[in-house]
Amino acid sequence: MDRAEKAPTYVIGKRPAELDTEDIDLTPVRTYWQLVRTRFVRHRMALISLFVLLALLIFAIVVPLLTGNEYTHAQLKTIGAPASLSAPLGYDEIGQNVFLRLAKATQTSLIIGGAAVTIIVVVGVLVGSIAGYVGGAVDNVLMRFVDVVLSLPVLFIILMIVSFFGTGNVTVVVIAIGITGWTLAARLIRAEFLSLREADFVQAARALGASHLRIVLRHILPSAMAPLIVAAALGVADSVVTEAALSFLGFGISRPDVSLGNMLNNAQDYFVRQPFLVLPPGIILVLIVLSASFFGDGLRDALDPRQRIEASE
Amino acid sequence: MVSYIARRILQAIPILLGMSIIVFAIVHIAPGSPVDRFRSPRVSADQIASLIQRYGLNKPLIEQYIAWITSFVQVWRPDSWGYSFLDGQPVIKTFLARAPATLLLTGCALLATIVFAIPIGVLAAVKQYSWTDKIINTLATIGYAMPSFLLGTYILFIGGVYLGWFPLFGMQTLGHKNDYLDIGWHLVLPVTSLAIQGIAAWARYMRASMLDVLHQDYIRTARAKGLPGRTVIGKHALRNALIPIVTLLGLTVPTLIAGAAITEFIFTWPGLGQTFISSVGTRDYPMVLALTMVGGFAVILGNLIADVLYGVVDPRIKY
Chain A
1 MDRAEKAPTY
11 VIGKRPAELD
21 TEDIDLTPVR
31 TYWQLVRTRF
41 VRHRMALISL
51 FVLLALLIFA
61 IVVPLLTGNE
71 YTHAQLKTIG
81 APASLSAPLG
91 YDEIGQNVFL
101 RLAKATQTSL
111 IIGGAAVTII
121 VVVGVLVGSI
131 AGYVGGAVDN
141 VLMRFVDVVL
151 SLPVLFIILM
161 IVSFFGTGNV
171 TVVVIAIGIT
181 GWTLAARLIR
191 AEFLSLREAD
201 FVQAARALGA
211 SHLRIVLRHI
221 LPSAMAPLIV
231 AAALGVADSV
241 VTEAALSFLG
251 FGISRPDVSL
261 GNMLNNAQDY
271 FVRQPFLVLP
281 PGIILVLIVL
291 SASFFGDGLR
301 DALDPRQRIE
311 ASE
Chain B
314 MVSYIARRIL
324 QAIPILLGMS
334 IIVFAIVHIA
344 PGSPVDRFRS
354 PRVSADQIAS
364 LIQRYGLNKP
374 LIEQYIAWIT
384 SFVQVWRPDS
394 WGYSFLDGQP
404 VIKTFLARAP
414 ATLLLTGCAL
424 LATIVFAIPI
434 GVLAAVKQYS
444 WTDKIINTLA
454 TIGYAMPSFL
464 LGTYILFIGG
474 VYLGWFPLFG
484 MQTLGHKNDY
494 LDIGWHLVLP
504 VTSLAIQGIA
514 AWARYMRASM
524 LDVLHQDYIR
534 TARAKGLPGR
544 TVIGKHALRN
554 ALIPIVTLLG
564 LTVPTLIAGA
574 AITEFIFTWP
584 GLGQTFISSV
594 GTRDYPMVLA
604 LTMVGGFAVI
614 LGNLIADVLY
624 GVVDPRIKY
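Same order as they appear, the protein sequences are chains A and B. Per the working numbering, the first sequence starts with residue 1, numbered consecutively. Per the working numbering, the second sequence starts with residue 314, numbered consecutively.
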């Protein structure tokens, strides 16, 4: 039956079930975020990765919360002790509980990754939105600055900053990773701003007399967030790896604090006697990187409004 | 083409200058003074003051910067990069002494990467969605996700400790100077470590690039006119799929010079990266400044080479 010929009658107050349902398009109208969720859930690896990340997060929050600073307890008699119920991964070269240290290390690494990405996003959004919105000479100067930062040998610069301004200081590590890593975010935001600046809804807001700040914060920025969210998800993994590299080289976190890279560094010194100490922090690290990259890929596809899904699917 | 290259080189100069300002600023904003290392009860305040005078540390920062950068660019002078705080040798001399070891290591790794990655990538693309493709993809993803220090540590453990087949550190066994077999023996583990990462990344690119080409119309034409599959893949597809890979070659230039730092550190390979890590730890400022500048220079050079190579191999691109 052609729908145009027999238009369905909607009666206010009546449930749809009492209507002639065959003629009504019952596909619910879905909001952008509902569509994003549907698209994301269909991405199997991304979904698995999300669960892995959540599991790691719970591990990193709950275990240290329950055991407090027990991870720092070192005893002569437990040096190299094998796995047991209270220490599922055994004890390390100075008699500390590897499982508890691993949980604390995951926590430290994720906190550093999250904090560094916060800096990356804030600086990236500031530089990118100013360059994209103001344009002209300001844009030119800012983008040349981005070019310069992009040409820096990143690992060397981070090592320099961390070594000169405070080895082992978490804040310095976070700042070093943050201020060298914001260029991609700035470029993404600038590109979005350049195209959105002339969009109809922005013109409309401008015509209504909205201030520049309001236009940027309320109208452009929310629409420009999608690529930034993806970059941030991948940035957390990158930052965790960079921190681990720093600690591994002896410039980042060191005892009594613990991070994944620091655990690897210690484990490398005791290769011959306890070879398997290098495995737990390495596995966690690879899990973080892999799941963050799958999660980021899935998110990128899900957030892309051009990717349509049909109602039947 | 020549004018394009000239223009790109001119554009690189302000970037290099900007970079030198940032690097110089980091060193000079850092707490503590370069002469602090000489302070001890045996060194009088007068001597410290004369050191400050001699290094020009009492001058305004801008003057210091100009003095440093004008000296830095005169690479033909042996003292242009200053003297190492650690051993008093000219920085340039140490740089030239260490560079060959790094280039040997990264060059071998790059060679191994190209030799393995291209066939693997092509194989995965030609057999798309097959088990071969899936296995290659999974391995490449894991290799890509594996941080270099992790991979290096595991390889050192397996090859050096567990199996005990290869030496654990250094480039030469004591007493074996310039013994090529011995150096090759020491190369195996660090090169494997670098190459696995390279292969993982390059094979993925190669696969994507090859798939892109295989879906083009001219490939369908080549198949349609009855050319054997080997010719279509080897001649028509591969040559075009290699174009983006050539760009990658340019972008590896910084990796060749500074990218092996962590691997060098793990295998105590006496190259530039290892030198940088130890000099940053001992605050050997002239060495740190010089190597960071070289690293940044490599990044810019790599970008330039990538762009130029792209134009050379792809006749469709005009400057």
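Derived by calculation from the structure, the hints in this document are not laboratory data. C-beta atoms are modelled at their ideal positions from N, C-alpha and C, and glycine is treated no differently. Watch out, some of these pointers could steer you wrong.
[Stated by the list, open to error] Simulated coverage check for chain B against chain A, where a stretch passes if three residues somewhere in it have a Cβ under 8 Å from a Cβ of chain A:
hint	segment
1	404 to 415
2	435 to 445
3	570 to 578
[Claimed, not checked] Quick list of the computed label-pair ranges, beta carbon to beta carbon:
hint	chain 1	residue 1	chain 2	residue 2	range
4	A	Arg44	B	Ile448	13 to 21 Å
5	B	Thr581	A	Leu54	47 to 55 Å
6	A	Glu93	B	Thr581	44 to 52 Å
7	A	Gly209	B	Lys372	29 to 37 Å
8	A	Tyr32	B	Thr534	37 to 45 Å
9	B	Lys447	A	Glu198	40 to 48 Å
10	A	Asp200	B	Ser346	57 to 65 Å
11	B	Pro628	A	Gly114	27 to 35 Å
12	B	Lys447	A	Gly136	47 to 55 Å
13	A	Asp200	B	Arg536	45 to 53 Å
14	A	Pro222	B	Ser346	24 to 32 Å
15	B	Phe482	A	Arg218	44 to 52 Å
16	A	Arg214	B	Ser346	21 to 29 Å
Hint check:
no.	hint	result
1	404 to 415	violated (count 0)
2	435 to 445	violated (count 0)
3	570 to 578	holds (count 4)
4	A:Arg44 x B:Ile448: 13 to 21 Å	holds (18 Å)
5	B:Thr581 x A:Leu54: 47 to 55 Å	violated (40 Å)
6	A:Glu93 x B:Thr581: 44 to 52 Å	violated (21 Å)
7	A:Gly209 x B:Lys372: 29 to 37 Å	violated (54 Å)
8	A:Tyr32 x B:Thr534: 37 to 45 Å	holds (42 Å)
9	B:Lys447 x A:Glu198: 40 to 48 Å	holds (45 Å)
10	A:Asp200 x B:Ser346: 57 to 65 Å	holds (58 Å)
11	B:Pro628 x A:Gly114: 27 to 35 Å	violated (48 Å)
12	B:Lys447 x A:Gly136: 47 to 55 Å	holds (50 Å)
13	A:Asp200 x B:Arg536: 45 to 53 Å	holds (46 Å)
14	A:Pro222 x B:Ser346: 24 to 32 Å	violated (49 Å)
15	B:Phe482 x A:Arg218: 44 to 52 Å	violated (59 Å)
16	A:Arg214 x B:Ser346: 21 to 29 Å	violated (49 Å)
In terms of the numbered hints stated before, the structure departs from hints 1, 2, 5, 6, 7, 11, 14, 15, 16, listed from lowest to highest.
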